[in-house]
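From just these sequences and the hints, can you work out the full model?
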Amino acid sequence: MIVRNIVLRPDKFIWLTVMGLLCYFNRVELRDEWRLENRQAFANIWSDMVYGVALFLLMYFNQSKVAMIKFTGYKLLNNISDSGKAFLIILVSDILLGYHSEAGWHSLVEIILDHYGLETDQAAVTFFVCLVPVALDVFIKFWVYKYLPRLSPSVGNILDEIRRH
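Going letter by letter, the sequence shown gives residues 64 to 228 in this note's numbering.
Bear in mind the hints are in silico, worked out from the structure with no lab data behind them.
Label pairs and their in silico Cβ distance ranges:
1) R213 <-> N125: 31 to 41 Å
2) D223 <-> S164: 23 to 33 Å
3) L140 <-> V91: 55 to 65 Å
4) N220 <-> D184: 37 to 47 Å
5) R213 <-> N101: 44 to 54 Å
6) D145 <-> A106: 40 to 50 Å
7) A106 <-> E182: 17 to 27 Å
Glycine included, C-beta positions come from ideal geometry on N, C-alpha and C.
Okay, structure coming up:
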């Protein structure tokens with residue numbers, strides 16, 4: 064058998080044919096996987112949009128129930144002692160912004176990007192993780208030391224004592 068002016072034995076021709084078919088099927092399989100990933104990302108975008116619209120409509124048309132939930136939340140927070148409030152503020156800020164949370168931020172950003180079918184660029188993820196937690200930390204500290212003493216002076220005093228140590 065002659066292929067491109069090269070004489071091949073029948074066994075080599077069969078081998079090349081089989082390899083060509085395997086490459087073709089591999090390309091088809093990769094194409095199908097890529098299409099499936101795109102469909103899943105598109106479905107995730109649409110389902111999240113539908114969820115957001117449904118949540119907005121439920122909250123808009125059931126404002127009395129939303130007000131009841133807000134009232135319950137305020138009541139729960141007001142029944143916590145001042146040291147408990149300070150503990151919750153420190154706990155939440157350390158979970159979100161502590162020195163150990165960098166891996167969590169990396170994972171969160173990668174999961175969100177993967178959910179929407181976007182590729183993760185490690186430089187962009189690192190840049191995001193370097194900026195966003197620091198900005199959140201600044202906003203929380205600003206709120207804690209500027210506005211919290213007006214809302215609850217004793218919680219502000221507790222946090223000031225903790226800051227001194």
